[in-house]
Amino acid sequence: MAKYLIGLYDDEDKLLAAVEAFQKEKVPIHEVCTPFPVHGLDHVLHLKKSRLPDAAFVYGALGTLTALTMQIYMYSIDWPINIGGKSFLPFPSFIPITFELTVLFAGVLMFLSYLYVNRLYPGRKAVVYDPRQTDDAMVIAIADEGHWDAARNLFQKTGAFEAKIVEL
Amino acid sequence: MFESPIREPLILGKKTYRKITDDLVSPILGPASWKWYVTTAFTAAVMFAGFAAIAYTIWVGIGTWGLNKTIGWAFDITNFVFWIGIGHAGTLISAILLLFRQRWRMAINRAAEAMTIFAVICAGLFPIIHMGRPWLAFWFLPLPNTHGPLWVNFNSPLLWDVFAISTYFTISLLFWYTGLIPDLAMVRDRAKPGSFTYHVYSILSFGWTGSAKQWQRFEAVSLVLAGLSTPLVLSVHSIVSFDFATSILPGWHTTIFPPYFVAGAIFSGFGMVLTLMIITREVLNLKDYITLEHIDAMAKVTLATGMMVGFAYATEFFIAWYSGSYWERYIFLNRAFGPYWWSYWAMVGCNLLIPQVFWFKKLRRSPWFVFVISIFVNIGMWFERFVIIVTSLHRDFLASSWRMYAPTWVEVTILVGSFGLFLTLYLLFARFLPVIAAAETKSILKTSGDQYAGLSWEAYKARKPQGAVAPALHFSSDPDTPKS
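The listed protein sequences derive, respectively, from chains A and B.
66 is the number of the first residue of the first sequence in my numbering; add one for each residue after it.
89 is the number of the first residue of the second sequence in my numbering; add one for each residue after it.
One should not assume that every hint holds.
To be verified - Cut-off 27 Å, straight-line C-alpha distance, at most; resulting in silico cross-link-like pairs (DSSO-like, lysine-lysine): (1) A:Lys222 / B:Lys301; (2) A:Lys91 / A:Lys68; (3) A:Lys190 / B:Lys280.
Keep in mind that the hints were calculated from the coordinates and are not lab data.
Since this is a predicted model, take the numbers as computed values, not measurements.
Okay, chain A solo, but in the shape it has when bound (with noise of 0.2 Å):
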């Protein structure tokens, strides 16, 4: 069982103040939990940029390349077809294809990948410090108890409307 010191907001600009607040004091914040994308969090948090843009890129190349792969040699190696003597290597007939299969692998191994970084998965526990945090509540958790003292302060000061401690 963990502890956590959390503390409960109800204004995204409280919280993005709270977060500098405790950042100036280096009281380690362990996890920042919201209703809502606030905007703004991930820089005060200082998050590291998502590299799932970077890496649909990848999986779109490689859609790509598995479609042309594909086509051509199906269509133009293994059984070219005289058809009404067209092009064994009809380039522009598999444009439609090639665009479709790039955005199906950029899309779904994109999604795998945010599921798989997310540690999201059917069944998978829920770290839930206060069922307000899917609401309308945004939580701070505090896991190091050698900073509770400080923390504890930080939330008064900073405008927490409760803070408590939950064992998960």
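Given chain A, put chain B in place with the hints provided.
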């Protein structure tokens, strides 16, 4: 952080975050009304009637349909193109409007995306039934077959369609589900812990917590999926139009088809979104979220795309004349004044003339009036596909093979049944999933809620904080404490 006063608020009723949660979760966790059961039972019955007609078709054969030697494609492909088109509004709202940062999309994107998925399911039925031997549908996949390594025909737009539609369905589903995960977690945390409902939503929400890192990735993924979906949605109906445009049939063999079909698809999709959203906001009492402003905006899109479609009709006629092609001219005159004149004028009336009423703001803001017009749009766009397909086919190059087409009861039942399928899926969606993207709506509350919209920056900063102020367990602090 503040909105110009001329922009109308998108969320009415002075909502708090808590109130948004309650408004969206209570219809899911509360008991369903008897009206929901009656309606769902009815649409499910219609759906099963359609399935019975499909079973009859497969058992007896395509001969049960009104097709003949000249008209080999009619109702089924009309329905296929119609349903694919319906789906396009969902992707437009969720993807293209996201890239354009249109906030009004947030109230309707969830339901519109759900409609996309259900419409593509309905659309996918028709080509598979039309194969006659649907158990051989896998022949469309690029698999080496038993007659030697003979592959599928990559020159065929019908094969491109297989790839386009299945990609469209998959990406739409993933996009929709990505947005649903946080809202499913919201439902999970409102349900009684340990209850059956809790477990179901717990599994469906994949253990979402809403941590900062999760949200950061969520936004990255949403943006990229939107960027991928935007060209995808344009490609799907373009490829559907290639089914016709790459043929040499007069009336089909036109380069205008891809943009014309895409505009028509968005037009028909918005027609369907309006139809269902006007009912949904009434029944689920979501008028504070799907406001008159939203209906107004959707009516404007309908008007604009309707006029694009109308412009395409005019262009087709002009090009038919200007091309000097005898066959092309004939087919277009025959469309408007031949034996199927009524379907042509139903199309022009419903798609071009009737939506012109949306020039008037008062009419755009009368939900029930818009509802009636949206029904006309649905009918008109169905007729557009019927006109394109049947009128081009029924008068062949040889006058001796001219035939007329009329659907049989089997085809009509399948069409009605596809509406049953669509509506049943939608009703299940409206009952068990949050119909409005709650997290996204909360994220725009501070800019688009009616208590904030039109505030000056000073007034915004000086406002009383909104949101729940619950009694503190260990200590409470003054909610008005100035920020550090």
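Status of the hints after comparison with the structure:
1. Between A:Lys222 and B:Lys301 the CA atoms are separated by roughly 25 Å; this keeps the pair inside 27 Å, and the hint holds.
2. Proximity of A:Lys91 to A:Lys68 is assessed by CA-CA distance (about 20 Å); at most 27 Å being required, the pair is judged to hold.
3. Taking the CA atoms of A:Lys190 and B:Lys280, the gap is about 15 Å. The hint holds against a cut of 27 Å.
Taken one by one, the earlier hints all hold for this structure without exception.
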